[in-house]
Structures are given as C-alpha cells and as structure tokens.
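Enquirer: Line order of the protein sequences matches chains G and U.
Counted the way the numbering used here counts, the first sequence spans residues 433 to 954.
Counted the way the numbering used here counts, the second sequence spans residues 149 to 888.
It is possible that part of the hints are untrue.
[Unchecked claim] According to the in silico footprint, chain G covers these stretches of chain U (three or more CB under 8 Å from chain G):
#1 605-618
#2 690-702
#3 788-800
[To be verified] Heads up, simulated DSS-like pairs for lysine-lysine below, C-alpha to C-alpha not over 30 Å straight-line:
#4 K845(G) x K514(U)
#5 K456(U) x K649(U)
#6 K802(U) x K511(U)
#7 K456(U) x K404(U)
#8 K578(U) x K514(U)
#9 K845(G) x K404(U)
#10 K574(U) x K511(U)
#11 K456(U) x K514(U)
#12 K845(G) x K578(U)
Keep in mind that the hints were calculated from the coordinates and are not lab data.
Please read these numbers as outputs of a predicted model, since none were measured by experiment.
Virtual Cβ for every residue (Gly too), placed ideally from N, Cα, C.
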Amino acid sequence: MLANLAILGGTIASFWTVWATLLGFALLLSAGSNVINALKRPPFNTLTSLALILGTAGMVFVALFSSPKMGLATVWALYVLWPVFAVLAGVMIVSRLFKARLGLYGRIFDSPIGMVGLAICFFWIIAALMADLLPLYGPLEALSKNNGTIVQGVTRKFKLGAEALNGLSYADYVRLSLADAAEYGKLYKSNIRGGAPLVSWVGDEGEKLPAILGTDKANRDIFSRLIYGARTVLPLSIGATLVSFTVGITLGLLAGYRGGWFDQVITFAANAILAFPVIVLFYLIVLVGKDGNLSRILATAIFAFPLLLVLAGLWGLYSVKMGRLIAILVVFLPIALFLYLRNTWGLPDLSGVGAWVAAIFGGGNAQREADIAIAVTNFAQMEPRMLNVFVAVAFSSAPGAFRLVRGLTLDVKDRDYVAAAQTRGENQFYIMIFEILPNVRGPLMVDAALRIGYTAILLGTLGFLALGLPQESADWGSMIAHGRGQLRFEPQMAVIPALCIVSLVLGLNLLADTLREQSLKD
Amino acid sequence: MSKVEIAGLDPNAPVLECRNLSLSYFTRAGEIPAVVDFNMTVMPGEAVGLVGESGCGKSTVALGVMNYMGSTGKVVSGQILYKGRDILTMSPEETRQIRGSEIAMVYQEPMASLNPSMKIANQLMEVPLLHEDVTREEARQRSRDILEAVRLPDPDRIMNAYPHQLSGGQQQRVVIAMALLSKPSLLLLDEPTTALDVTVEASIVDLVRDLAAEFGTSMVYISHNLGLILDTCDRINVMYAGEAVEFGTVDEVFNKMRHPYTQGLFRSIPLPGTDKNASPLVPIRGQLPLPQDRPLGCNFQDRCDHYKPGWCDQADIDMRAVQDQPGHLSRCLRFNEIDWTAPPKVEAQAESALAGDIVLDVKDLKKYYEVAANAFLSAGERRTIKANEEVDLVAREAETVAIVGESGCGKSTLAKVLLGLETATKGEAKLNGQVISNTPVQSRAPETLGSLQMVFQNPFDTLNPSQTVGAQIIRALEKFGIGTTDGERESRMLDLLDLVKLPRDFANRMPRQLSGGQKQRIGIARAFAGNPAVVVADEPVSALDVSVQAAVSQLLMDIQREHRTTLLFISHDLSIVRYLSDRVVVMYLGHVVEQGSTEQVFSPPYHPYTEALLSAVPIADTRVKKRRIILDGDIPSALNPPSGCPFQTRCPRKAQVEGDLCETTLPPMRTLSDGHQVKCHLAQSILDEMEAVIQTDAITAAADEGADLLGSEASKPGLIGRVRRALSRENSEKPALGSA
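Same shape as in the complex, but just chain U (with noise of 0.2 Å):
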C-alpha cells in the first residue's frame, strides 16, 4: 500500500490550514459550539501552541484535525486543509491512510494509548505494515531503531514488553515512537506530558523538541501550561471559550500580548523571584462561560477590566492584525487603546506573618510497609517498602512547609502518619507537644482530629458526590466537637461559607453543581472546620485551571494568615512552592535530601536532585535562563532501593564524588548554613562553586562559564548513553509506591 498522493512539501506552503474552522457537538441538550471560527497555519517544520483552559476547545480542533469528532460531533463550517487538500472533503479510506502516517497524534495518557494485551514490537510494527509496503522483518528493524531514536534504554528489551511493564515515561516515549515511525509531516500532541512527574516531563518535552528538529515534523502541541509552550513552540494560538482571541510568536504573545485574557493568565502564573506577600497573583475573576451562555460579542467581556458596554458586546469580533506586527492577532477591540504596560490593580499588600512556636515537630519517622511475596495464606517471605526513611521537621505557628517531591518520593505516606491513617513504624511525630504518629485516626480526640486536617488533591473526588456541600461541612463539625447544637452548626457552617467566599445558598447544592474551584473551597472549608493548628495541603491547585489556580492559592493562603494556622504544602510544583512558602523540604525516595529556607533552597548550593527538579520546572517567562539539566531514567521503587544514597542512580554529579562513596554509603544530614540542610556526598568545594539554575537576569547567564559547561555536558549524546546504559536496570523497576 503506498501513501495517499499528496502535493510535494513545499517549504513555503503550510502543512495545516484551518480557515474559519467551526465544530459543533450534538447532544440532547442540542447544538453545543465547541470551537467558532478557528485560524490556524502550521508551517513545515514549525511548532504551534494552542494554549487555554480546560473547555476552551483544544483539544476538540486536533480531534477536527485527525476528522476523528465521533458520532456527536461535526464540522459546521471552515475548512481543514492538509497540504492543500481539504480533509473534510476525503474519502474515508482516505483519511483512514492519512490517520497515522501523514498526522499522527499523541495523547495524554499513554497507558490509555497502547494496547495492554499486545507486546510493543507488534504494536509499533503495526504501523509500517499498515501504512507501507513492508515485511515484517523491515518493519521489525525500523520499530527497533525508532525505539532507540526517542532515546529509549535497551529498545530489545522494550520490544518484547507489555505496557504495564514500563514505567509511565517510557510508555509516553512508545506512543511518541510509534507516532513518529511512519515520518508524519504533522504530530499532534494533547496534553502529552500532563500525567507525568516533572522531570520525566521534562525530558519527554526535550525529546520531542529535538525529534521535530531532526524529523522535520510540523507539530501542534496543545497544554495549559504557557511554561511548556514557552519550551516548545515556535507560534502560539490563545484560545477561550472555543475561540482562538490571540495568535502571534511565542515572542510577541509572550512580551507584546494584545488580549485582556492572555495578560489575565500570565498574572495568574507565579513568576520567579516573587512571593506571596510582596505581589500577590491576580486571579482572572468570574468563570468560563457555558458554550450554550456565551455572550454576544467578545465571549471574555464578563471577566474583563477593559470592558467598554456598548461597544465590546454588539456583534462578534473578528480576528485583527495588531499594528507594526504582521501575523500577530488579537480579538479585542480596544487592543489599541489598552495601557498593555501598566501594572495590574493589586489587594492592599499583605505583611508577611511572622512565625511562631513549634507547631509540628517530625523526629526520625519511618514508616516501613510489609507486603506478602505471596497473596494467599500471607505466610512466608514478606518484602518491605520503605516509604518514609528518616524524616526530620519542623513546622511553626503561621508558616507554610513546603513538602515537594515526585511521585513515589513518601511525601503522601509522610501526610497519611501525620494524620493518623497509617501509623509510624519507628520515630515520632508531636503536634504542639503530644506525640501524634502512633496514634490512629479512630483513637485520635475530635479536638486532635479537628486541630490537624487536610485539602485533597482532586477537587471531582474531595467531596462526597451524594451528600449536599452544608451536610458535609455539618458532619465534620460534628466529628470535631463544634458547636452543641444543630442551630449552632448550621450557623457555624455558613460562617466557613462566607470564610472560603462562596454564597451561602451553596449549603443545599450537591457537588455536581459546583465547579472545580468551588468544589476546592469547600474542601477547604471542611479543612478549616475545626480551627486547625495544622493543615496538610496535599497538591490543592495542581488540578486547576490556571485563573482559578490563582485565586484557590491567594484564599488558602489569606485564611492562613488570619487563622495563623501551619500549612504542609505537598507540591511537585515548584514555581508555586517558591512563590508560597516560607519553607522548603525536598524528598527523594522517602530521604528528606534538602530543607532550609525557600531562600536557601532556591539558591545555590543545592542539592543535584533538587538542582535537577528546578531545571525541570517550565517557567513563562522568556527572560528567565534556565540551565537544562536532564534526568535519566525514572524514580526507583522504594520495594527496592538502591544501595547508598537513595538518588545515587539519577545523579548528574555522581562523577564529582571520589570513589564509590555513593553506591555504599548514605550520605549524612550536613547542616550548610543556618537551618539549610543537605544530605549529598559532594565536596564542599563543589557545593560552593554550583550557579543558580534559574536566572532572572539575563546577563548572569552568559558570564557564568561553570553552568553553561555542565548544560552542554548534560546534552551530550555520549554522556547520556552512558548513563543510561548505567540505569537500564533501574529503569526495569517501575515505582511500585504510585501516588504513596
């Protein structure tokens, strides 16, 4: 079978062009528009971005791409042209050839993308067998090769693995391979790293940058995170409420933005070198309109500060060239007449609270899980997975503890002792002096129960989808002791109602009434029920939308100051850690590798794991330098951890240290300055001579000789296959912790 006939690639013709692209879904409620006159150009070899939040269509225009809408949606209008020819007008064999080998596309979840009853090699050969006339021994070669292209350890081994046996990095590296084996001119990439850990992410959005290159693939990559837009595309779409309302350079929309919205989410964003209390982050009020409730005119005039009635809300706008920029667009009226220079109305500035006695004080927790070699008669061989190996802290009155960390790290299993469901195996936890970590939840006094609580992570699944938001808050009042009577609790509730800024006849609406962000206030209500000396906040914004991300953080931490209460900040998100905390503990493998101030964390020396995790963080900002510092293979499993120090494996600076010290032995806790504590092998010299990874000024970067050595050393393919030759039996183990 060969390729459809498509016109030769001409490298001043676009690849993809969509012309007032619409696309409906038709549901029983009727026609919901998802995407309304859509323009896009992806030329060859270039990157596109298409940025916005969830509902905003995104993904629903790469679906358009592919012609893939599923029974309930259609194109209503526009046109879809690859390489000139009109999708929409093809057959469907045709299309079914195109699908694969001219675009492919690459979704969020990998384990979800492969087939979980076939070895990789038959699915990836799939692919050439289908799309080209080739045999199975050909099609075996190149499989093996593409797999070795996007830098995958042992591609033999994988070959002849089932996706449950790779880890979820090396899974997104298969769907990236077998997207790329047919060369497509066109990658679309949803979401493609959103469910990986921040160095993982990181080395998958490296990959995908250098393969384009080397490819000459045209790609659309669609994410919410203007970070790794930043990191990846060359041009970037802005979309909200189905509607592309700015299109430019990553450059000009980064810098020169011309839409009211654009700007709102670059405020919405912690930048570096800022904190809670000196500039606080503006929210973009207000929420994303409903499909069937947009409003005439400009769909962003309800949460904008511009908005002019009588001129912003009489038809719908266009698309406009802003002036002395060709190609940048803007669907604003008023791009023109807005100081897109001045700096945004910020609250009254908070003073920064000042903390107080020892609250929570963790000693030397351990928290070992036995698990049966065998699941029936649980007799016999028992393995161990250590969680939590040696965790010392501290948290004062008033301060937020930033806990940051990927998955598998113990971080979760750190929260699950403090709050008494699971309990510590060795060392003690004591909240305000009363020894808590042995003592389990069910035996824990309400007050106990109510003084130490917890926001969850996934707004969808903090609160009980069958119970009314005032029950639940209710029923935790009763738990924790509060109040005597039903009167008084029912008062009590609405008081926490109006704490966390929602109106009060929310008390009666069940959760799925609620968006993410007020189902987030409400666990944060039910968290504040008791007057808590200590809350664990456990990712609480990771899973919002970034406007809202903003306002969650900004009211968690208002509540904070005024109730003086110690917030447990679990993250993997350090720009937010940065920008919220007042202190840092970094862990690695259930070790605590760093602590100290967010100050000192965040400025040399630095620990490498800790230097790898702020290298990997996407920032938005393209002054900020950053070196690259790329981590090989994934997080061990604590089932089995490696001999010495725990990070000893993934270590860019283990050829720093003399001999094999970190194979065999644990690095001990060396107190730096006051307070900052590292547990690294690393000569002191060493530490002393490290640059800071992240650098706002951009003139550091080009004097600093040291760091761009190591940057260009970490890109070296020879280096990098060493290593990687190194941990190719680590990587065989996946983590076996999960989220723990």
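The shape of chain G in the complex, shown without the other chains (with noise of 0.2 Å):
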C-alpha cells in the first residue's frame, strides 16, 4: 500500500517537474517581463543563475530519483523514442535556421514559449507517423507473462490487487528490467551497432523490449498504446476541427456578410447549440441514434459545408473564365461528391466490387482474399463508430467558429479593398472568399489550434464515457477509463495518458498564444 503510495506520488512529481522544468525555462527565456528584468540586474543576476542551475538539478534530480522506477521507466523511453526526438530536433533546427523565409510560422522560432509548444505539438505528430518504425507492440496485441513472446488474442480475467494481476504488471516490470537493463542495454547497443534495421529488431521474437509502463488488464502495453495512441486523437481532434471550421466559415461569411434575417436564424440556431450541455448532446447523438442514421443525417449537413465553400471559393474566382472552371469541375466534382456520399451514406456500395477485387487479386488464400474485400469495401470511408464521434465533436464545435469568423467579418467587410471589389462586380462568394476569409486568418488560426486542444479533451471525455469509439481502441481517454479502477494501485495507468492529454493542449495552447502575440507584431 505504501509502497504504491510511493509510486503515485513518484509519478506524478517526476512527471510534472519535468514540464514545470520546461516551462520554467521557457518563463525564463522570455524576455519582457518586468520581473524577470529585475533580476538581471546586479546583484540578482548572480543570485538567479545560480538558483537556475541548482534549481533544474535538483529538478532533474528528483524526476530520476524520487521513484527510482518512474526514473528507470523515464530514461527507457527516451531510448525507445530516440528516432522521434532526432526528427524532431531535426525539423526544429532546419525550421529555426531558415525562420526568416518560413513567414508568421518562422516567428514562432522568436518566442521561446512558442517553441517549446511547437515542440510538443510536433513530437506527438511525429510519434504518431512513426510508430511502426519504432520497437513497439501493436495497440491491441496482448503479451504473455513471460515478457518476450506474443500470445495473440489474449485477454485473462482481471483480478482486483497488484499481485495478482495477470500479465505483466509494474511491479513485475521493475522486477525485470532492474535486473535485465544491463543485458537489454548491450543488446540495443549492438543491433544498433551492426546496422540491423530496427524495425527488424522489432520483428525478432525474444528480443522484445519490457513493457516499460507495464501493461493494461487486457494484457496490452501502455507504453505502446500511449504512442499509438496519438494515431487515433490526432487525426480526429485535427480532422473535426477542421471540418467544424468549414461549417463556422461558410455560414460566419454568409451570415457576416449578408445580415439580415439569414444571420439572425443562424445566430439563434447557433446561440441554441451553444447553450446545450455537450455531454448530453453527446448521448444523443452516440447512444439514441445507436442505429447510425443520426449521425449520417449530421454527416450529410455537415459534410457538405467543405464541398459547398471549395465551390463557392471556385464560382467566385473562375466565373469571369468559364471554361477552365468547368475543366476544375470535371476533375474535382467526381472525386469530391464521391468522398461525400461514401462517408455519409456509405454509397456507392463497395462490397461488391470488393468481392471481384478479392478473387482476381487472392490468389485462392482465403484469408488474403477477405482482408482484400474488407479493405476495398471500407475503402475511403470512415468506420461507423469513428464516424459517430467525428460527427459529434464537429458538430458541437460548429458555432463557437461560427460566432468568431461572423465577428470577424463584420469588422473586415467595411473595409475599402471589400467596398473596391464590390465596385468592379465581384460576386460575392468572392468577396467572401477571397477578399474577407485570407483577412481574418490570423484570429482563426490562433482559435484552431485551441480548438484542436478543446477536441482532444472531448475525445477524452467521450473515451472516458464509454462513448463512440469502440472500446478497444487505444485513444488516451479510453486508456484512462481502463486504468481507473487501478488507480491507487497502478497509478501511471491512467495518469500518464491524462497527461498525454494534457501535453497536446498544453502544448496547443502556448503556440496559439505564439501565434496570436506573433502576429500582433507589425
């Protein structure tokens, strides 16, 4: 009991001095601040530089120290990811060296703070690209108690209580690795050394690295999940941000633009979403249309903002040469109406074409030839359950971008370059599109990349709910749900992907501060 106590309080303390560590440089480097300038005058700049430096030993110190596990646990992590970080510090130099060419995100490099949540932004990306080159298991693959072989499809009844927990435990990790780190450490060494691919590595049974945050009652690694993880919240988080975006932007324009009744049916639609609990919304748009047709009827609406405002922005910018929008169109409405329908109502239907693709491309493997048909007939088409979420999240996000870019454009379009345009006859989806959208970016990028971080919350929420996406699925929210009946006894279980959590907004948040203070300049 103690003895997990311990392991808690190590957690969280080495956790979260390693961030306060980064922020506390980042505080320090910023210059401005009046307090800070106050210390850098004699006889405080002696004084302060000494307590930086002690103060980030003790730091370092006591997030190695304080639980010599989370230390060991630490350190192997920075290993396993070593090919992230040399990426990322790889894309950090190249972008800071040629910060000058690189426009308002080369002036993210001006700010220290803006740096370090670039960083984190960037190393999650990252991470998320290269997991399968890294030496992880799979998201749902499950390990034996004997670390080092994998027994698929596993899943052993959880027993309340550390000791009996089946698979590989914490304690059990500590056990191992304490005694194996030496030999794992030339073996890593090693292969590296002899240029074995690491992905190779990887594949090589009995050469499996520990699980170094234990595994989950499913028997599957946190570690690996975690990194897996940021695969299933990035893509949504930035996807429905992105598509809640479009819809704020067609009807903001639209009703900015042209006032009247139209912006006051869309102000109150939005002013009523606004005002609804999301949780609740969320159960009815998950649990009540459990059947899908909900959320394909949401899909259809919002779905159709993208495709509406590229054809807005198309009929604006080509309606004075005909001819090549209708060559835009013949390329674009094809691709773009398929996409549409495929992730709405799921037409055309694909299992039929899948069903020939697979006995022509089979080769008479029965298994070969399922895994073709599954793949043709779900092919560009987001799965019911993600869909369900995508749906949601887009959607409760829709009026908050509403109510900024209808702000925004009521202050641009008095403008003299919009009254110019409309005296030499521009239509107005160019106005719109071309004249007021490319003015206002600077506040809608800054409102994105929070907006990002406010979705990554909600999928936590949602995961932490039982809510949308299946329940094996490595997002971090779900990942806490699993962990918190264990949380006086494997804390990290669900810690640690609540911090994930909190290292994306975290990090989201201090490049919208960036960007927003950035841009102010000039």
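Work from the hints to combine the two standalone chains into their complex.
Expert: Structure representation (structure tokens):
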C-alpha cells in the first residue's frame, strides 16, 4: 500500500517536474517581463543563475530518483523514442535556420514559449507518424506473462490487486527490468552498431523490450498504446476541428456579410446549440442514434460544407473564365461527391467490387481474399463508430467557429478593399472567400489551434464515458477509463494517458498564444 | 494630497526645457532612435508647435515629456527640465503627481481617451479628487464649471452623459476640460483635431487658443497641419526624421525659413490664389528614411535640392542660429548659401483641359435608408434616414468636380449610388446617357463597371493585404473584360504600374511592403484599369503626409488630363479643392446647398455654410487674412433633419432672414449667375454685400467694415450663448450616418 502510494507520488512528481522545468525555462527565456528584467540586474543576476542551475539540477534529480522505477522508465522511454526526438530536433533546427523565410510559422521561433509549444505538438505528430518504425508492440497486441513472446488474442480475467494481476504488472516490470537492464542495453547497442534496422529488431522474437509502463488488464503494453493513441487522437481532433471550421466559416461569412434574417436565424441556432450541455448532446448523437441514422443525417449536413465552400470559391474565382471553371469541376466534382457520399450514406456500396477484386487478386488464399474484400469495401469510408464521434465533435464546436468568423467578417466587410471589390462587380462568394477570409486568418488560426486542444479533451471525455470509439481503441480517453479502477495500485495506467492529453493541449495553447502574439507584431 | 513642491513660476524661466534629448525604442530589431538631440524651451503662457510628417518623432517627444514611454521606450541621453527639475530623476510617485495636475495631455482620438463605462462627471471629478484635497461636492462643482469654460452647452446634461452619447467635438471638449481641470502649467496637445470635421476643428482650435490665454497655460501643440500651427502657436519646431531641423517664431519659420525641408513642406501645400495649371505643387521627392537607415550627416540629404556631396554627409549636424535672428535655429549647413527667394523649379506648366460633353448627369437624386425601430422581427415602426435629398449635378468630360461637405453630408452616399453599391430611391443618374442609378453593381455590364471606378480614402485599407499588388490589378482587368489572355492582362498591368510611376517589380510585392503613397498609387492604377470615363476619388490624399499628398494629387491630375477622365473629387479640404477642381458642389445634410465654378463658389456671394467652411480651413500663410466664423454645435442627424432649411440650426446669418422662413420652408435653388446656384433664403441685397472670407491681399481686410463686423459679432460671448442655447436640443443628436 505504502509502496503504491510512493509510486503514485513519484509518477506525478516526476512528470510534473519535467513539465515545470520546461515551462520554467520558457518563462525565464521570454524577455520583456519586468520581474525577469529586475532579476537580471546585479546583485540578482548571479543569484538567479545560481538558483536556476541548482534548481534545474534538483528537479532533474527529483524526476529521476524520487521514484527509481519512474526514473528508469523515463530513461527507457527516451531510448525507445530516440528516432522521434532525432526527427523532431531536425525539424526544429531546420525551421529555426530558415525562420526568416517561413512567414508566420518562422516567427514562432522568435518566442521560446512558442518553440516549446511547437516542439510538444511536433513530438506527438512525429510519434504518430513513426509509431510503426519504433520498437513498440501493436496497440492491440497482448503480451504473455513471460515477457518477450507474443500471445495473440489472449485476454485474461482480471483480478483485483497488484499481485494478482495477470500479465505483466508494473511491479513485474520493475523486477525484470532492473535485473535485465544492463543486458538489454548491450543488446540495443550491438544491434544498432551492427546496422540491423530497428524494424527487423522489433520483429525478432525473444528480443522484445520490457513493457516500460507495464500492461493493462487486457495485457497490452501501455507505453506502446500511448504512442499509438496519438494516431487516433490527432487525426480525429484535427479533422473534426477542420470540418467544424469549414461549417463555421461558410455560415459565418454568409451571416456576417449578408446580415438580415439569415444572420438572425443562424446566430439563434448557433446560440441554441452552444447553450445545450455538450455531454447530453453526445449521448443524443451517439446513443440515441445508435442505428447510425442520426449521425448520418448530421454528417450529410456537416460534410456538405467543405464541398460547398470549395464550390463557392471556385465559382467566385473563375466566373470570369468559364472554360477553366468547367475543366476544374470535371476533375473535382466526381472525387468530392464520391468522398462525400461514401462518408455519409456509404454510397456507392463497394462490397460487390470488393468481392470481385478479392477474387482476382486473392490468389485462392481465403485469409488474403477476406482482407482485400474488407479493404475495398471500407475504401475511403470512416468506420461507423468513428463517424459518430467525428460528427458529434464537429457539430458541437462549429457554433464557436461560426461566431468567431461572423464577428471578424462584420469587422472586415466595411474595409475599402471590400468596397473596391464590390465596385468592380465581384460576386459575393469571391468577396467572402478571397477578400474577407484571407484577412481574418490570423485569429482563425489561433482559435483553430486552441480548438484542436479542446477537441482532444472532448475525445478524452468521450473515451472516458465509453461513448463512441470502440472499447479496445488506443485513444487516451479510453485508456484513462481502463486505468481508473487501478488508480490506487497502478496509478500510471490512468495518470500517464491523462498527462498525454494535458501535454498536447498545453502545447497547442502555447502555440496559439505565440501565434496570436507574433501575428500582432508589425 | 498637495501638489508636488516646485519652484514658483518665474515669468522668465522656461516651464519646459528639453536639453539634447535623445529617445529610443528598443525592439527585437534592436535600438530604434526615435528622437535625436532634441532641444526645446517653452516659456510660461507660450504655445510651441511641433510640426512634421508621420514617423518624425513628434509624438515621442510628448510621451517623453510625460515620462511615459512604455516598456520599450527609453531616454538615452539628455534632460527634460520641468520648471527647472529633471523629470527623469523624479521618483515614480512624483511623476504620477505631476502628470494630470502639472502637465496634462490631450490625445488625437477623443473616444479612446474617455472611459466608455463611466459618466463624464465621474471621470472629470477624478482629477481634483486625486490631485487636490477637495470634497466630492467641490470636485463636482469645479467639473461643472470647467465644462462651461470649454463652452459646452448644457453642462448638467453632459455631466450625466456617457461618452458615447456625445459627438466627437463634444468629446474632445470634455477631454480638454479634463486636461485643464487642475490648472496645469503645461498642456500637450497631440493632433487634437485630426479626427474631427473642419468646422468643429475650427471651433476647438479657437477654444484652445482662448483657454490658454485665459488660464496662462503653456502649450505644446503637435500637428502635421501647418495652417493649424499658424492659428495656435507662437513658436514652431519643425521636425524631420527624429531631429528638430528648424526652430523659430511662426513669422520666422513661415516667411524666412532657413531649412530646405521646411521650404519643401510649404511648397507642397496648395495656397489660396493658386491653381493646378498655373502653379503645380512641388512634392518633396523620395521618402522619409527609416530610423535604422538614416544617413550620416544631414538626414534630409537624399531628398534635398541643395545637397552638396562631401559637405552635407560628413558628420552629424548641430542646430545653428541664423544670423541677425536670435532664437531662429536651423540644422542646415548651407543656409547662408541658398537663395531662399528663388522660385521652385517647376515642370512645364500644363494647359487647362477643355471640358467636353456631359458625361455624368445626376437629376433630383434621392437616397433614403429605412431602418427598423425594432431590430428583431423587423415588422412595425420604421424610420427613414434621408442621406441624399435632391442632388443635382452635371460633370463634363475632363472636368474635375469637387463635392465638398462635412461627414454626414451625404457625399459618400452619393458615391455609393453612382457606383451601384446602393440604388437610388428616386431620381436618376446617367452615365453617357445611360441610366445607372437603378442598376446595382452586380447587374452592370463589364464596360460600365470599368468606366466608373473609385479611388478610396485610406491607403492602408484600399488594397487587400493578402494578395500581391499585381494580382489585384489583373483581377480588375479580368472583371472589366480587358485583354483576352493572361499574358495580355499581365502586360497591361505593367503598363498601369508605369502610368502611376512605380517600378514594374512592385507587381510581386504585398501591400504591407509599400508606403502609404505607393499604396494610393496602386489604388489609382486599379481605378484606371478599365479606361474609366468617371473616377470618383473619395478624399484620395487626406490620409497621406503633406509631401506625399502633393505628388499623388499631381499624378492624379496628370493621368486625368491625359485620359480626359471626369473626376468627382470628394473632399472636406477646401484648399486642395480650390487648387484642383474646375467646379464645386457644396453639400449639407443630403442637400446641394451651393454649386458653381470654383471661382464662383470661392468668391462672394456665398451660401452661409460655404462661408463658414471657407473660414474654417486653416491656411499656412501669414499674409492671408480670414474672417472668423465659428459654427456652433454639430451637424444634425439625418434621421431627424431640421424642418425648413437644413442649415438653419447652425446658420450664423439666420437672423438676417425675416420671420420664420428658415424654420418652415426649404429654400429653393436660386441661380445667381451663369451656373452658380445657391439654396438660401437670404435676400439678394445681403448676398450682394457679402465680402470674401479669405483675403490674400492684406490691405483689403482693413478696409472692410462689414466683414469685421460679422467677425467680431461671432466672437461675442452673448450672441454665442444665445445661439448655443437654441442649439442645445439639436446637439443631443449625434450624426447617425457616420461617414455616409
């Protein structure tokens, strides 16, 4: 019991000290604050730097050794993720070198806080992209008790208590890893020096890395699931935010620019949605519409907006050059309509095509044929439960984007360049999309960055409430839900996925703040 | 709390003295020297003007004097002595005490200076409560008194009003009242009238001058307008690129200037009695150097006609006294060698273009806006804004027709109707015989669009910030149906850049990389893309710096002459109107109150409103004598226009019309002479007796009894008080149309 409390304390302490160190650095580096300026003057400057060095060293010490197990886990994690950090460093250094030519993105590198935010965001993006190349277990892969071999599809019954845990518990891991750490270290080095690609090393049976953070009750490696979790969380939150923004932009531009009854009706509707409790809204969309029709109806409406926005833009731009407009539409419309219909009503049904393709390319292998048939049938289509969540999240954050765009439009539409466009006879779509929209992009980008963070939290909430995404999904919210029962014994199961959400949201917030600050300069 | 102890006022000791003052801003780009080696003394009761173009550091000086430079600004060297004590060495508590009670400041935007959530009374009372040991009743009484002193009608009502319930002019009066409330020794005015209309500006300037005399306050008056400085100041400090380049009395600087920049400034503003064909304006060439690009030696060297290489660019130049004029300083090395009386090098004088056929014909045009009394579910009562009432005007080919009036007079609404952004409620406007007033812009043919274009006022707003300059011009060409291929349009776009005298590689630039004048040139190029028959220019140069103004208006005139375009020139600046236009239309509250040739409108007989407008224009020439006619109150709301004559609520000549004719009957348009029309009830005999407002000849002013009579009458407090009481009801209405 006491040991577990110590582990809990150590987990929290070490992670928060790492973040606090990062934040403290960022704060100290950011010039302009009067307190810091005052501290720079003698005799404070020597004291400050001394305190800074000692404090940082102390924090690192605490992080590593307050809980030796966590300290070791941190070292292991850094080791496993080194390719991610290498790519991250490369991206950051290259961006920093060419920041003068990179516009607003480059100016993020003028602010230490912005760099921290960007690094956090990039870390998750790169980790999600590189997950398959890292020495990780699959997100749904169950481990045997004897670490190193994989037992497919084994789910063992869960019994309460750390000692009774099936699979590899955290305590197991510590025993095992402390004993074998040196040996594994040699193994890692020899493999890398030997030029063996990481991928093949992962595939080699018996040479698996220990489960750094232990396994969950289904015996899956938590650390691997965390990294793979980014693959679920990032595309969903970014995609849903983008779609909700196209809804908000389309309606906001129309309402702000045209005004009148249209504005009043849409604004009223937006306020009504905003006033509705979000969780209840999710229950309605996800549970009431269990047959999928409610979310399909919503998807029909929501996914129409990106399509309409692009069409309106094309019409505005090329209404003076009809030939070019038709040429573009011939290519664009079929693809757009196909994607639209596939993701709303699953039309056209590709199962027949799937069977047909499978018969040709399957080569008689039943497993292979089935795989091909499924792949073709699901081509360019979101999985139904994913669609539920996507639509729910997009629907609930669209009114916020709408209100923002509407307000910005009201401000910009009285500018002289809008009047100039009107006097040369531009149609309203051109004015909205090419005269107004590009000039409100600053606040929109800031809001989008923040809103991706909120969406990540929403996804976490949904996962925690077991709404929406499949239970075995590796998203962070579901992982918190899984781990909450063991919070007293295996705190890292719930705390660390929560910290993942925190870090992503924090990174996006820092990034948004910096974007706002930097776009205000000049 | 008592005031900070400062040595008693010695009439011979300066109130403020800046000694070798250098101020810098420290930004990410490094140190930006905003003001370098600045010297100035302000004696008790004296008004010193700071004049210069934007970016020359004049506002920074004011902020430095207040010791209020923000987190990035810093005094690098020098001293600011206020009554002998260096402000920079004072403790923060002492500076706080001095600000507001000893040194007060009035800013450009009155609305931004007042707290929108506090009643005027509470904002005013704060000053004595904070700086002096007074009771709330006393503070309230003093606040009320000061509102009376700044000639605000009905101070009790204003005390209980919020800032948004007052008009711009009233707000600025409140700000001035607040500044004067604790009887400061020094008042800093930073462009206090730039945001206001001309007639309001004239009354504020009048007020400031009288108050300074009454309270014995010293003033530092910052402005870019030389005419205003002439009206308000005793001595003047001309600034250029962070340095004072010339310092002296108004008379010395205006008539015996000893710095080429000062001379350039005077030559680039139109003076009365000149016109565009006989004496073109002489712009200062080039641009103000950026603070980090300032050359060694004279900052003005790149733009100076008297620049001598190897002499002017060797070392930093100090201010030197001009011989036989003690106190007149110049930062020019060669002022003794330059022939200051030599006439400017003028390019070939242009012949005035002969007006051709009628291009634009507006007859009895009306534009009403309906506004719902209730915003939601807009049924029920509706109110009407009468933006344009009976507008008649005719414009011929190659002619410049100026439309003059204050904000809210309907001149911009007229432009909108012509351009098709609005459709006329009644009446018609014909472009080359074709009725356009009922065709919204979306339904106009590309040729019509191209032949009627507009140049906008604000250079920082006229171009889309996210498209390149070239793309914006090409888009206009596409819409006007000019050129069949992209290549053709591209080459036409480059031709247009040549036309406005900009380098061709500007096509790939973004608007933010251009200066204000360059942006305005692009705006002109875009308007002329479709070979327009008529171009509506809405104050095209009013937002530009003086030296750039001359170049841009010259360019506009050249292009117009070349293309024989009709120019509708919308402006409130009568000096530039007089200089540029062939005919003038004066508008007030949606009515055309006077129109005729420039000569006819600018010489008597006038409509009383024209007379007041002419009097309000600041003129930067000491030889010119003006009759002072100060209009009280503000332009009434178009939502609730006065009965009878629209101008009757402010008309200084209303008493000369018998009975209540002005209140009850709208005057008919009277034709005085060929093409000269006036909408006024004044008897012919009174019109005939009118004297010129602006007298370029100093002698005529003295001989003129009648003019003096009216001038002195207008300044009598008794009459003003009476008129003001009569106006107070109308004053409560703010102009609802804004710039429309």
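Enquirer: Please go over all the hints and tell whether each is borne out by the structure.
Expert: Hints and how they fare:
no.	hint	in the structure
1	605-618	holds (count 9)
2	690-702	violated (count 0)
3	788-800	violated (count 0)
4	K845(G) x K514(U)	25 Å, holds
5	K456(U) x K649(U)	27 Å, holds
6	K802(U) x K511(U)	29 Å, holds
7	K456(U) x K404(U)	22 Å, holds
8	K578(U) x K514(U)	14 Å, holds
9	K845(G) x K404(U)	49 Å, violated
10	K574(U) x K511(U)	9 Å, holds
11	K456(U) x K514(U)	60 Å, violated
12	K845(G) x K578(U)	28 Å, holds
Of the hints listed earlier, those the structure fails to meet are numbers 2, 3, 9 and 11, in rising order.
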